[in-house]
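Colleague: Residues per chain, in single letters:
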Amino acid sequence: MTAQFAPAPAGARWVVDTWHRLECLIAVAAFGFIALVLIIDVAGRELLTPVYRVFDLKGSPGVFAAQKMCVYALVIGSFCGVGVATATGSHLLPRIGFGWVPKEFGPTMDRIADLVTGLFFIGVAWFGWVYVSSSMQAGLRMQAFDMPIWPIQLAIPLGFLSASIRYFFFAAWPALRPLPPEFQE
Amino acid sequence: MTALLLIALVLLLLWLRQPLVVILLSVAAYVQIAWGKGQLDYILEDMWVALDKELILSIPLFILCGNVMTLGSTAKRLIRIMAALTQPLPGGLGIAAVLSCGIFAAISGSSIVTMLAIGSVMYPAMRAAGYDNKFSLGTIMSGGTLGIIIPPSIPMIIYGLVTEASVVDLFTAGIGPGILMLVVFSVYGLWMNRKMPMRSFDAAEFVSACREGIWAALLPVILLGGIYSGYFTATEAAAVALLYALIIEIWIHKEMKPRDFYQVVLDQSKLGGSLFPVLAVALSLNIVLVEHRVPGQMVEFMQTFISSPLMFMLLVNLLLLIVGCLMTTGEAILILAPLLMPVAEAYGYNKVVFGIIMILNLEIGFLTPPVGLNLIVAMSAFKQPFGLLVQSALPYIGLMLFCLALVTWQPWIAMYLVDGKLPW
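Taken in sequence, the protein lines are chains D and V. Read in order, the letters of the first sequence are residues 1 to 185 in my numbering. Read in order, the letters of the second sequence are residues 1001 to 1424 in my numbering.
Bear in mind the hints are in silico, worked out from the structure with no lab data behind them. You may find that some hints are simply not true.
Taking lysine to any residue pairs in the SDA-like style, the calculated list, with each CA pair at most 25 Å apart, reads [said to hold, decoys possible]:
no. : chain 1 : residue 1 : chain 2 : residue 2
1   : V       : Lys-1195  : V       : Leu-1089
2   : V       : Lys-1257  : D       : Leu-22
3   : V       : Lys-1270  : D       : Ala-175
Kindly generate the complete structure, drawing on both the sequences and the hints.
Modeller: Right under this line is the structure:
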């Protein structure tokens, strides 16, 4: 579908590509962190507990609050992943309504769809910010750590904001739009 | 009137080709505005609460584990063991394909991953051995669907998250129906290929295959054994499985380099970015619906029309089979499970049994057009026309409907391993 549109300006292509690489790095770091910390936690507990017993050591050999840290990493990775999924066309997209419009209007509909999604995500980002601000004002803190929770929660509005800007890029230059994946599970 | 406007809004968004996350967020916003306090930031708060659950961590880990095993040579090694074991039977390679899918399904929680991992090796091997094309395709495509019923299963984790059913119970309850389907598919393969030439059992080949594949074959034992013995939680088991998969693929099979892990995690990130926000929104919508007593009202509404639990279950099966043709498994569970499960409970169905029945229905959806994902993926993976794939899947759809009917009629097939109770 993208072939019908003029190529996007090189600057716009560079911006979305660089931005995508950055989001990929953050998402990979977050999900890699989850894998690493949980593996160290479980392996530490299973392998070192007998050693602790033998030497009568106190405390737990696992990683302190490993699962809670990983949940926070999951929030960061997931909402960063909203941008990654947007860039790669991986969002779950019901296709029931695709046949309701004649095929020749398909590319125009996709462009309108991108604009609508972009506007919608701006709204979600705004309400996300309202939520994060209230959490900041209330002084909510992380469970298990004595630190404010809002920097983690900020991933929610930022993820939607990033995706919305990318959708505006797609609406402005449809050649940047990724081809939809062949299948989604 | 407000309910009609909600339906109109959903139809408008479908027409506007909006992603599922937008549709669910719009519904949640509409419910808040029409029936709630109109505080839209509550939806974001509910999303945060929804994601703040440790069980959710098992999903990326199981996906990572499946991806690592797919990148390596686990599937080939498992197939070699199964082929050596079944070669004395007529149609042994077909049975080997089904059993390999079953064992790979006990590592991967995904239907497509299972079909591709086994099918890419087994389909050419079955064709080269003279097996009928339709039979080969049908076996591979339907064998792949076992990925979501034999634990670990990502749809079961999602169902557990949205309905608060025990994931360990769901995993345990998936074993019986999974074995039933393995047996039914194998008997069908045996009957269809009864005239195929048999080979004598080659003990040397079997020992050699076991020696090469023992590490891969041990993974399901460690994974499921750890969960069922209560030694690990589902999340811990997923972490152990991932560690084990990485060790055997990098240092024992030497099929993967540590730097390949970046690509594996990146693939998971794409999936996570599309799945977790939708999961969070669906869970937040669930909270809103419960606050407004929507499931309770649905129960009352349904009970005025349907008094018999059997009639209810027949209608639900029909609905889910239709939904399976039109939606992916994840979408269907996220949208329908929170609404249907309370109604099923009101008719006396256990939430674990209902989850298994729901997943069995949606499993059939992998083989039914137009959104039969295994058909679509097989079309590009095996370069076969869509019509032929549909024809190949038809006998297996019949077999799966038979298994579904059997589990619906005799729920102990799923529940025996959970509660140890038999009806006699």
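Colleague: Which of the listed hints are not met by the structure?
Modeller: Result: no hint breaks.
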